[in-house]
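Mind docking chain B on chain A? Use the hints.
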Amino acid sequence: MKTIADFNPIVQTLYFLSAALCSMLGMNPVMIVISLVGALLLYILRAEDEKPTGHLFTLLLFAVTALINPLFYHNGATVLLVINNNPITLEATLYGITAGAMIIAVLYHFRSFSKIMTSDRLMYVFGKLSGKFALTLSMTLRYIPLFITQMERVRAAQRTTGQYKDGSIADTVKSDLRVFSVMITWALENGIVTADSMEARGYGTGKRTSFALWRMRRRDVIFLLLILLLVGLQLPALLSGALTFTFYPNIRSLPTSPAAILAYISYGALVLTPSAIECIERAKWKYFVSKI
Amino acid sequence: MEILRVENLSFKYPTGKAPTLKELSFSVNEGEFVVLCGATGSGKSTLLRLLKRELAPLGEKSGSVCYGGRSLEQLDARTAASEIGFVMQRPEQQIAADKVWHELALGLENLGESQDVIRRRCAEMAGYFGIAPWFDRETSKLSGGQKQLLNLAAVMAMNPRVLILDEPTAQLDPIAASDFIGTLLKINRELSLTVIIAEHRLEELIPVCDRLIALDCGEIVADAPPREALPLLASRPALLRMMPAASRLSMALGLETKGEVPLTVREGKRMIEEHYTNKVRSLPAKTPVAPEVNALEFRDVWFRYSQKGEDILRGTSFHVKQGEFFCILGANGSGKTTALGAVAAINRIFSGKIKIFGKQLKDYKNGTLYQSCLAWLPQDPQTLFLRNTLREELKGAEAEAAMLGLDLVKYADTHPYDLSGGEQQLAALARVLSTKPKLLLLDEPTKGLDAASRERITDILRRLRDGGMTILAVTHDAEFAADAADRCALFFRGEIVSTGTPREFFAANSFYTTAANRMTRGHYDGIVTLPEAVEICRLNGEAKA
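So the protein lines, in turn, are chains A and B. 81 is the number of the first residue of the first sequence in the numbering used here; add one for each residue after it. 215 is the number of the first residue of the second sequence in the numbering used here; add one for each residue after it.
These aren't lab readings, by the way, just hints derived from the structure by calculation. Since the structure is predicted, the reported quantities are computational estimates derived from the model, not experimental observations. Do not rely on the hints blindly, as some may be mistaken.
[What the hints assert, rightly or not] With the C-beta cut set under 8 Å, the calculated list includes, among others, these residues of chain A facing chain B:
#, residue
1, 219
2, 226
3, 233
4, 242
5, 245
6, 269
7, 274
8, 276
9, 277
10, 279
11, 281
12, 282
13, 283
14, 285
For each residue, glycine too, the CB sits at the ideal point set by N, CA and C.
Chain A with its partners taken away, still in its complex shape:
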């Protein structure tokens, strides 16, 4: 199956960044609703096994954001009710709801993103920016578990030699400090072996390349071009402020200039594409299975 999870990590990063960023500019309710629908759809399609309670946190976040705004900001012309001499306005309420929707839309985009981007995918993206950084990151990620395992071993060994006496916090802290200090020596000592092994394999003999498991395939290029095109179509509206929606003091009507309409359509196409690919691939798979 060729879903969003199988695209080249660079294309994936570009998609999620543009999907999230485009909805954050201008506080336009239409854009935010499109963003939320797209993000939720993809997330639900991909996380089939997740329980409904997984969405509870986002709902709560939405509720808090939507409530806090009208309770603390009293701008706006239309007063709905007055609590403790503080007016609650329609504008502030709507602003809160829009802001809450935007936050959870972005959150869902990034939840999908973090499920797809494993550490080696992320490294590939960083590696494209800087090979040295990618190597350092890989070596660090390698060293952390090594360090932790050794530290656990040292602590276990030290417990039997009279360090870490029961119940005394001061003693535990003292022992931990001792262990940590010897771990630094250990790390340096072992770093030498790693450095030797790197040097023995030709580190520093010339220009390095940075290898990755992923290639730019035809479909990656097509999706990449599609993203660029759809974002490009939104740019006039995003940059000219044609999408900007004003809440205060009075809510104006939604922007409906030709540029804005074009932005709605192209943004909608952008955030719905991954879900569409997902659905098409599933249908294809079902069709194949039914033919067997």
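Here is chain B on its own, set in the frame of chain A:
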């Protein structure tokens, strides 16, 4: 065709008084499998590092090392890095990347190869070395054997013509070690790759190698095919100790003068059967004098590391008598180290009872367990060291260090990490003995040690046992258990499946047993150690041909 030539090579470390290597000369032909042997401190690591330009130590060097007719210094950086591969001892620390595939690619990335070349080479390596099933895994999640195989594959990815290995199997369990040697042999035979390997464990290497170079105090004392080289070592016990059991037996019986230099168990068995009668089939049994009081009782113990994990100990029960040396043997992952951790109260057991000297483990409060009662020597002695010099580290343990024969004057200001493996083990032992324990727990006490240190540790442990200490050791090393233990037990899937004195235990096992037992099986009964084999052969006398 000659690929490597060493001429009059001498080397002295800046801090050393005497030269480490003295006027060495030898050459290695393409496709040869050369084993370099020598005791710790004989200069074999120094020699191997001098053959690999990037790792050459600093110091006064004279003489030359030529690769393919050109001096090592004249090679361009790419050739030097890629055509001479080097694998080191500790599997963990040579790995630099977090993912297996990235580790394989690392060397080729360093050489600036293109994506397509790297992709093809990684695929080849993964296929050839059987890495494909764990290609996407994190390197920290691999077993020791897998890690070392990955190190080998990562070096092989660069297409070396000479492969140099410095004790690559010292940290592996016997099964992983023998797999690793099998793989080495395969690449030597199939790819005609030149292999130069230094190792302590020579039982499996000597029979397959083309040539044995023996190093003693920086000098070459033998350089010939193993059957010719072995008799030259007769007067050098330090070197002889690391040779295969069959060869040692033949030399102890003086048969090498008759042209008998067996290298394998099969040849050793044939030699015994041809030269010795079997009128006396077994040696008189030694009656154990251990009192019938239990030092440790381990009853129906269950343990798992996490709630959803598998049970590691499944109703394990055993006991260790006071003054006894008890060895637990078993494969990796059978739970033997976990059981030891449970005794040391490092692992909290889920159910069951552990009694130490008649008192329940949980009744030892406030660290009283670790004061004059129980001591634990972990697998990695480095985990015990907290100070920067040996003198500080062994403060309060000077008497123990002296008893173990550790040279505290010479090493006073040395960092514990800079000691050799054997000395680290002794220093760690001195440290744990300073709490005057009655029960000593040992986790793989012979791991990574050379033959001399191994013998030294065995002697010391025997002496401690004779002094009344109870010892519980967990080990892979069947020879060590046969030499030292009063009773042995086999651990499998979290349970003890058999126990007995070394003689009962190893004689009843067919696979998990010592080389001496394998050689005498069928001809004699209940022979498990080499001295026993020598004794019974002498007792029977030579068969008249």
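Here is how each hint holds up against the structure:
1. 219: OK, holds: residue 219 of chain A within 8 Å of chain B, min 5 Å.
2. 226: Hint on residue 226 of chain A: holds, closest Cβ of chain B at ~6 Å, below 8 Å.
3. 233: 5 Å, holds
4. 242: Holds, because the Cβ-Cβ distance from residue 242 of chain A to chain B comes to roughly 6 Å (cut-off 8 Å).
5. 245: 5 Å, holds
6. 269: With Cβ-Cβ at 5 Å, under 8 Å, it holds.
7. 274: Residue 274 of chain A check passes; min Cβ-Cβ to chain B is 5 Å, inside 8 Å.
8. 276: Since chain B brings a Cβ to about 6 Å from residue 276 of chain A, closer than 8 Å, the hint holds.
9. 277: With a closest approach of 4 Å, the residue 277 of chain A hint holds.
10. 279: OK, holds: residue 279 of chain A within 8 Å of chain B, min 5 Å.
11. 281: 4 Å, holds
12. 282: 3 Å, holds
13. 283: 5 Å, holds
14. 285: Result: holds, 4 Å to nearest chain B Cβ.
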